[in-house]
Amino acid sequence: MNYLAELLASGLAVGAVYGLIAMSFAIIYKSTGLLNFAQGEMGMIIAYVAWSISTSVDGNPFIVALGSIGFAVLFALAVERIVIRPMMSEPILSQIMVTIGLSVIFRSAIILIWDGLPHNMAIASGNQLVDLGGVRVRAAQIAVLVALFAAIAGMWAFFRYSRFGVAMRAVASDDATAQLMGVSSGKVQMAAWAAAAVLSGVAGVLFAIAYELSPSLYALGLKAFPATILGGLDAVIGSAVGGLIIGVTENLVGGYISSGLKEVAGFVIIILILMVRPYGLFGEKRIERL
Amino acid sequence: MAGPVAPAGRTRIAPPLLEIRNAQIIYDNAVEAVRDVSLSVPEGSVVALLGSNGAGKSTLLKAVTGTLHLEEGVLTKGSVHFAGEDIGHARTERIVGNGMVLVPEGRRLFANLTVDENLTMGAHLKSTAEMKRLKQMVMELFPRLAERRSQISGYLSGGEQQMVAVGRALMAEPRLLALDEPSLGLAPLIIDSIYQTIGRMRREMNMTIFLVEQNASRAMEIADYVYIMENGRIVLDGPAEKMRTNLDVQEYYLGFSGGDGARKSFRDVKHYKRRKRWLS
Amino acid sequence: MRSGYYKETIVEHINLTDSTLQRAWIGIGLLLVIAAPFHFEFYGLSLITLMMITAIGAMGLNVLTGWTGLISLGQTAFMVLGAYAYAISTESWGWPPLLGFVLAGIVPAIASVIVGVPSLRLTGLYLAITTLASAFIVNHLVLEFDGLTNGSSGIFVNRPVIFGYAFDTDAKFYYLTAGFGILTILACLNLRRSRIGRALIAIRDNDNAARVMGIDLRAYKLYAFVASSFIVGISGALYGIFLSFVTVDGFPFLLAIEALAILIVGGMGSIAGAILGAVFLVGLPEVTSFVFSWMGSSAQSLLSTSAHEIKGLLYGLIIILFLRLQPHGLMGLWQDARRTWTLWPLKY
Amino acid sequence: DQGVTDTEILLGEVEPLTGPPGLLGVAHNLGVRLALAEVNAKGGIGGRQLRLIAEDDGYVTSRTIQSLRKLIGVDKVFALTSLSGSGQALASMPIIKQSGIPAMVPIGPLPPLYEPPSDNIFVVGQSYTEGMHQLALYLAKEYPGAKWGIILQDDDYGKSLGEGIEQAREEADINVVFETEYARGQKDFASEMLRVKDAGVEVLIAGGIISENIAMVKEAEKLGITPVIATFWPGRVPEVLKAIGPASDGIYGVDYVAPIQSEAGQAFLELARKYLTEDEVARVNRYTMTGYSSTRALIEAMKGCADDLTWACTIEKLETNPPIDTGVMDPIGFGPDNRFSNSGVTIMRADYETLSFAPVGE
Amino acid sequence: MTQKLLQLRDVTKSFGGIQAVGGVTLDVNRGEIVSVIGPNGAGKTTLFNLISGVLPVSSGSISIEGQDLARVPGHRYVRLGIGRTFQNLALFKHGTVVDNILVGRHWRMKTSVLEAALHFGRARREEIAHRQKVEEIIDFLEIEHIRDKVVGTLSYGQQKRVELGRALATDPKVLLLDEIVAGMNQEETEDIARFILDIRDELDIAILLIEHDMHLVMDISDRVHALNFGRTITEGRPQEVQSHPGVIEAYLGHKTEDAAPQDARAAGGLA
Ligand SMILES: Nc1ncnc2c1ncn2[C@@H]1O[C@H](COP(=O)(O)OP(=O)(O)OP(=O)(O)O)[C@@H](O)[C@H]1O
Ligand SMILES: Nc1ncnc2c1ncn2[C@@H]1O[C@H](COP(=O)(O)OP(=O)(O)OP(=O)(O)O)[C@@H](O)[C@H]1O
Ligand SMILES: [Mg+2]
Ligand SMILES: [Mg+2]
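For the record, the sequence lines run as chains A, B, C, D and E.
What the first sequence shows, in this note's numbering, is residues 137 to 426, in sequence order.
What the second sequence shows, in this note's numbering, is residues 24 to 303, in sequence order.
What the third sequence shows, in this note's numbering, is residues 916 to 1263, in sequence order.
What the fourth sequence shows, in this note's numbering, is residues 62 to 423, in sequence order.
What the fifth sequence shows, in this note's numbering, is residues 1340 to 1610, in sequence order.
Just so you know, the hints here were simulated from the structure itself, not pulled from any lab data.
All residues carry an ideal CB built from backbone N, CA and C; glycine is no exception.
Please note that a few of the clues may not be correct.
Claimed, not checked - Here are the simulated EDC-like cross-link-like pairs (lysine to aspartate or glutamate), alpha carbons at most 20 Å apart as the crow flies:
# : chain 1 : residue 1 : chain 2 : residue 2
1 : E       : Lys1488   : B       : Asp51
2 : E       : Lys1488   : C       : Asp1251
3 : B       : Lys287    : E       : Asp1407
4 : A       : Lys421    : B       : Glu140
Stated by the list, open to error - Incomplete in silico selection of chain B near chain E, CB under 8 Å:
#  : residue
5  : Gln47
6  : Tyr50
7  : Asn52
8  : Leu73
9  : Asn76
10 : Gly77
11 : Glu163
12 : Pro166
13 : Arg167
14 : Gly208
15 : Tyr276
If we strip away everything but chain A, and leave its shape as in the complex, we get (with noise of 0.2 Å):
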């Protein structure tokens, strides 16, 4: 029984951590029709920014969670600005290659600006350990998931409430049309990117304090990705659910079965939904009439 417990918990801890990534997908697809395959290396950009901040102020944790928050927002702001801005009247195609070549410059720029070797994050008591009724994880790994279950109510609220979630929308839908309605497109792009950036960097920082940082921690994005189609590309909630599923089955599956099949079985998992729910547990169909 604890044995499933402890199984489950690992399980979400590291589900929240692609469930976070899988939300900045969505964000961003949802509300311009774009994949930014770089997600995962921002995410890492991030945390050792994050590792910079706390290593030069002895471990604040406000300074380095405002400071890194606040890098995340100029960040992403800036390669909005410069990179995919000027590209956003051409084909979809064409962005996505462009983030594809942002990746490969992010993953240069980490050996280049910080090392290739592994570090270890500790920032504040994150890399505590905390029993909670037998099961022991870490702080950072609660942290995760609070961190998601505070990102999926604000998604939720801002989708639900705010006039802007439908002009978002409205931008992945047809940004010309859009434009035509008077919405700025860049604008929206800028806050969803931004959004992105944040919560990416998030899940980038806790699990380079749960587990470690290096200079691989981009792989997380491709962990992420599948998660998002679970969920349904432009589902921002559903993400997050489809990265507790690949989470939570991939721990199931290496804790009862064997690790090799740990990485096939998220992916069997993922080919078994499709099959049965085309647009992932909760995305949006496809609209196509005659």
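Got chain A; can you put chains B, C, D and E with the ligands on it based on the hints?
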């Protein structure tokens, strides 16, 4: 070319609200879709633009609303002024912010948004209270939409979609409303009410209307001034009353045969290469 | 200056070339291909060989993604299968290489049906994920069935001997690859102008309308899968021979992204685009190296430990800049150039 | 032969210099450069200075092959000082054999590289299998009757380790209660470690490379279990200990290279400080030592051929020279039918305090 | 031989809660032009979608030349002689006009993948023969000047003609035209009217027409079928339907003894 003047009773010597001068538009660096077109739309008037398929009408509207570049089109010569400002190369949102709204060709609804959300988008720049009032008005104009309010708009019938497209533009209460074939695919009854509404908006709100329409008889009924476009040029223009008496307009746009004032039947159309007098 | 040729018969419309000039260009191209080994040495030749193998794979992907609009991130799976089918049949079982190549096409083609059938309802990125998933599963299976595949240790592959002729030198292997390349180009061009190619394009542009025109969507999507993975499988076998060693590590996931990148950079859906894109992306590291060496040796030593990271940076930067300036890819560039050429000196 | 002018001798190598594997490649590269700088400072070989061209393959096999062709065919180097990782080296064998260029393989020595011996490929170090074999034997003796858990990577590296353990099991009594393979690139080891805990493992073979071992040990710490943990040499770098934190204290390791903290290690650092920049010295690790040592062996052979600098001569000298002792590992020597230095290994333990490993029993 | 070509019996289609088509019974005979009219959202296009196999019927039956279509898969309808155009344009945007029309010939071609890849013998002969046919259609519809243009760059009205061409290329027995003249001016509408009549007379193809242009409907149809809320209001000769009170109330909006009062007004302006 004289161009239309402000409607009688409103004698102001202001420049027209929308003015296009000697515009040339080229697609893909190769296709010249509009050449040397000048046209003006005075404040408070209704100006109609007629012309056959591929004449360049929609292209002109795209230029006016700054959406040309999305299709690799460029305004290579000439200028477009709206409310005194040169908008030839301005961004769409800015043009819309200044008070011009377009009902684009092909409806262009946000397919996965509901009818209601589509209308909300129309009033994007308005306050929430305003939006509610305008939505009320649109729903009255198109009762059909009230029934379909929370349906995903992509599944609507063609005509219903057209209603949403027109309604969405009305939601913006623009200073100048540009309509690309508003009656396309609509039932006669609905066309009546759209034209009534356009007329009312113009009267009550002094809205200016720039109308591209294939339903020439309808357009001429409501328009003050008419331009006719062929092959990328303006070939004929004049006040609506005068245009109605033009023999070519009667034959090619209104379907009367030989000037005797009777509509000829589609069954009797003969095929021979006719020559329009204005294409001499 | 030419401004297009007037066509009088229908045959002229379906011919691949429409002018003597074009035929002359093709002739020159062929001569260049034949002459390459006499001019390039060891390294240059292997670079060209790699470009050709990549181009074959890209043309294969183009059938599925460019024509039919089905985005795949699983092409590495079919490459792996092709490479293993060839390696196992020729090296472990001692079958003749020609048969090995046939298997290298057929095995992935069959596998693609298995991937394709459950994916028929999927579109866009949703399909991309299931193909990605199949790539992971294939890798897992290859490692699992180590009795057949030798697991993670891999299989050595010798240069083939076909009808007693040994393609053992680099130049000979290059000609073999070039032969496959030309066959692939011809097959793709022919497919494109046939009813099959048109059906695929129709599905991409509007699948509902395609169905009303009598196109069986399921069948044709599977055709696309099969044709694409057949070609990709062949390129996998060639790649295995090129590396002389087949393991799953030799086909990293990155290859799938790179294949997609080639199509985008080349211009989606165009055969010439796929080829140009392959040349561009395979050659790009050379270019960055060149730019780097051009920056001078002092700069190089200054950045001794990070020189290679800077190359990576440059690589990404060039891709972004290229797409910024030429969003329609190399084919777009080519068309612009040609239009300017045919229309010059008139502007429009 | 090629690569030799009146003033210069060109050497080449391929290794991962970018991305995470760059940790290994860059360090190795520094070792090679150190060896070259040392001879160059003493006037080079027969008055010729040595120069190195390093190509980056990012650990991708096709790029290794491409780079080798470039080094051999375009740059025309005289000899090769590395063929990148084990899989890459295996794939390179046909080209190397065909060209006849002398090549040193100091990273990832796998048996197929030297069994049967190829004329011109010289493998320096010890195989993973033998290293693991020794480590397992030692642990079996030290912890008799303990329950073992084994976590291995699903590639040739993991397979070699597995074979080493198998060999040890034939000779000693090892009670394995849990064994699993994970897919390369895995980051989260929670379920594996839970099973380790569940099975009551007392000796854990953490068969990852770098990140994986860090993850496993941290996970054990989280679960509150303290098995004896054994890691393998690729991860025997100070950064790993630092990244794991205090929980890394007492981890076993095995290596054929002396720890930095040892006398020989310190002497090596001293040498490095003489020829490398401060920035570079900071990146020195065990791969620097293997790179240095194997290159020294090559250089000694070349020196022996100073007047007749040919491939044949160099190969012959490599074969006949007495073993070269660099201090940081067993003397390196080959023989007529031997292309493998077969260096002896030492079992060591980590000390978190000094972020280093020390041979057991010291 | 029966004159009945297309028969609909009690056809129903529901989407979730909405019944878009509710029990429609309709026949099209050989050589007939039948129009379907009705307010927006009455279910006309949905009816076409059912007849052409885009959507499955919820209940009721459709048959062509006596063959029931219930078990026929969507892509085989065209083989039975059903061709159509789409209200909202459903062309293959990246293809040229010729390409688009050639797709209409698809089902008549038999080349296999292998033959196609080799482009030899039958593949080549077949291709030439069908291109010939396409050229005839292009000639017939007078669109030579745009034959090599990429369809996505054509104007709305031009695209509608290409659609008509593509539908004709399928050699239909009955041709379904969904608002084919929407977006066309008088002159172009006249052209299309002539095409429709010619198609019927020369090619012997029956035509089922959805149209909101009452002049056209009244002038060229043999019979008119009026729908509202998916149900039939009335069916009959054009004049009868036009003066049916249900039709006037739901659709036309005014009594139309005279077909076009607004034109009369316009004409009055001349005097
Ligand atoms: N995106 C484009 N690229 C290239 N050419 C285009 C493009 N859009 C339109 N054209 C060409 O420009 C010309 C004018 O097209 P436009 O759409 O403005 O015509 P229109 O007057 O609106 O016709 P319709 O009444 O049929 O809508 C046409 O010949 C068309 O082929
Ligand atoms: N796929 C669908 N899902 C949900 N509702 C649909 C769907 N297709 C059609 N409808 C609904 O069915 C009704 C009939 O639509 P249809 O398109 O048949 O009307 P129509 O008679 O062609 O109208 P119009 O003259 O405006 O084209 C509409 O109210 C529409 O909203
Ligand atoms: Mg138009
Ligand atoms: Mg309809």
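Against the structure, the hints come out as follows:
Under the criterion of a C-alpha separation no larger than 20 Å, the hint pairing E/Lys1488 with B/Asp51 is consistent with the structure, at around 13 Å. Among the hinted pairs, E/Lys1488 with C/Asp1251 is consistent with the structure: their alpha-carbon atoms are about 16 Å apart, no more than 20 Å. Of the supplied pair hints, the one linking B/Lys287 and E/Asp1407 is violated, its CA atoms being roughly 41 Å apart against a limit of 20 Å. Using a Cα cut-off of 20 Å, the hinted pair A/Lys421 and B/Glu140 holds, with the two alpha carbons roughly 17 Å apart.
For B/Gln47, the interface hint is violated, since its Cβ never comes within 8 Å of a Cβ in chain E; the closest pair sits about 18 Å apart. Taking 8 Å as the C-beta contact cut-off toward chain E, the hint placing B/Tyr50 at the interface holds, the least distance being around 7 Å. About 13 Å separates the beta-carbon of B/Asn52 from the nearest beta-carbon of chain E, more than 8 Å, and the hint is not met. Among the interface hints, the one on B/Leu73 holds; its C-beta lies about 7 Å from the nearest C-beta in chain E, closer than the 8 Å criterion.
At about 3 Å, the closest approach between the beta carbon of B/Asn76 and any beta carbon in chain E falls short of 8 Å, and the interface hint on this residue holds. Taking 8 Å as the C-beta contact cut-off toward chain E, the hint placing B/Gly77 at the interface holds, the least distance being around 4 Å. Interface hint at B/Glu163: violated, since its Cβ lies 16 Å from the closest Cβ of chain E, which is beyond the 8 Å cut-off. The beta carbon of B/Pro166 comes no nearer than 11 Å to any beta carbon in chain E, farther than 8 Å, and the hint placing it at the interface is violated.
The beta carbon of B/Arg167 is positioned within 8 Å of a beta carbon in chain E (closest approach about 6 Å), and the interface hint is therefore held. With 8 Å as the threshold, the beta carbon of B/Gly208 comes within range of chain E, its nearest partner Cβ sitting at about 5 Å, so the hint holds. Hint status for B/Tyr276: holds, given a least beta-carbon distance of 5 Å to chain E, under 8 Å.
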